[in-house]
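Novice: The lines below spell out each chain.
There are 2 protein chains.
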Amino acid sequence: MNPLDNISIVLVEPQHPGNVGMVCRAMKNMGLTRLRIVKGCRIDHPDAVKFAVSAGDLLGTAQRYESLADALADREISIATTRRHGKYRQEILTAGEAAERLLPQLGSHRAALVFGREDSGLTTGELSLCSWNATIPTSEEYGSLNLSQAVLLFCYEIFTRSGSFTLEEEPRKQATGGELESYFGQMEEVLLKIGFLNPQNPDHIMRSLRRILFRAEMDSREVTILRGMMTQIDWATGTFEGKKKV
Amino acid sequence: MNPLDNISIVLVEPQHPGNVGMVCRAMKNMGLTRLRIVKGCRIDHPDAVKFAVSAGDLLGTAQRYESLADALADREISIATTRRHGKYRQEILTAGEAAERLLPQLGSHRAALVFGREDSGLTTGELSLCSWNATIPTSEEYGSLNLSQAVLLFCYEIFTRSGSFTLEEEPRKQATGGELESYFGQMEEVLLKIGFLNPQNPDHIMRSLRRILFRAEMDSREVTILRGMMTQIDWATGTFEGKKKV
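Chains A and B, in that order, are what the protein sequence lines are.
Residue numbers -15 to 230, in our numbering, belong to the letters of the first sequence in order.
Residue numbers -15 to 230, in our numbering, belong to the letters of the second sequence in order.
Bear in mind the hints are in silico, worked out from the structure with no lab data behind them.
Treat the hints with care, as some may be off.
Where chains are identical, the list cannot tell them apart; a pair therefore holds if satisfied intra-copy or between any two copies.
[Claimed, not checked] In silico lysine to any residue, SDA-like type, Cα no more than 25 Å apart, as pairs:
| hint | residue 1 | residue 2 |
| --- | --- | --- |
| 1 | Lys157 | Ala53 |
| 2 | Lys177 | Arg48 |
| 3 | Lys157 | Glu75 |
| 4 | Lys157 | Trp116 |
| 5 | Lys177 | Gly162 |
| 6 | Lys34 | Leu210 |
| 7 | Lys177 | Ser146 |
Start from the sequences, fold in the hints, and give me the full structure.
Specialist: Structure representation (structure tokens):
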């Protein structure tokens, strides 16, 4: 089973159905699917459906609770999210730290990530129901995030650490020194012929061209394209007599 | 000065004013303030103001452009955000990697983070205008993020790293988007003329040449060398009649 299924997102008294819809979308983007709602607005409202886009299924499976205590009753770990920095702030984790601490425990623990009301967050009583407190680093100038943005950032921290994402990259195979040198030789010859390089001192400009192309970390196909280009230049300048442009 | 002020967020043809408002809020939450908009919807719409909440000032200072090339003309670094994983996927950075690579360069470079349309993202042509491509890790099941959520995650990756990087001491000053585009234009013209590019589909090879030269992170002097080389090729092939080599 997927360890992320052991995490529920809990919204306490959300006020705007559109926000709940966007929360669903953000959760599903990051591989989370379990939503719990403590009182708050209707979620069969058209705005909820509209903003959930392709995550409407999460609205359908969301569970309703009458109190936060009820919503946390079967959870071993509960994380209250807050932007308040009161007396207990030394105990407040960042979203990243919370994710890091949470993930290894998901094999044997069920967790809840708890978000408060859009305007006033969680009450002191609600905060005290939770095992950890966590917050999102923001600019000091404007620290108030939209509810779905806050949910997204926590889910993102969890998802990107969860190992369930890989870019599936096939490592680029760079061209060999031999391929590059062969190209540089061709390039120097053609550029001398068309009068771009100074025959007294071709190395000065060639060194710059080499630096550019080394930094480009080309693969074989790309070197082949450049070779073809140079061959065509060579051919197209076949009748050129080598005088320097004045 | 704040290095984050050297980053502009660029929205290409945003369709919903509410999304632009939420983008402003997300930016300001993460300490970014420079917004550029390429065509797209009105931003004096009530929805934009409503969803910006306390970040309405960013709507007021947003700059308008007629094309992405215009919006990037004074930028040394441009990062296209995409969820496509095409042939060039080995070169796609994650949001975190992009932030890590970008931050040390902000002392001497101006950057743009480019986001496409809500429904269709950026076109291939727009992607090819940018120095790097980057993507947000998401669930395979549902990878489509809301525009403001995507902006938020990139800004968050930048903001949370911004306290802990050091600016490069003597950074190389890269060429701007304007300088590069001007060179690419010249190169395409000459390569068409000498029959290296297929006039039916010049973009295929041009895209590869662009990728090579973006990766090379050239400075102005190097672009000048390449321009001179291309000018000389152009001149030396003055009498060429455009037939393709067999």
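Novice: Are there hints from earlier that the structure breaks, and if so, what are their numbers?
Specialist: 2, 6 and 7
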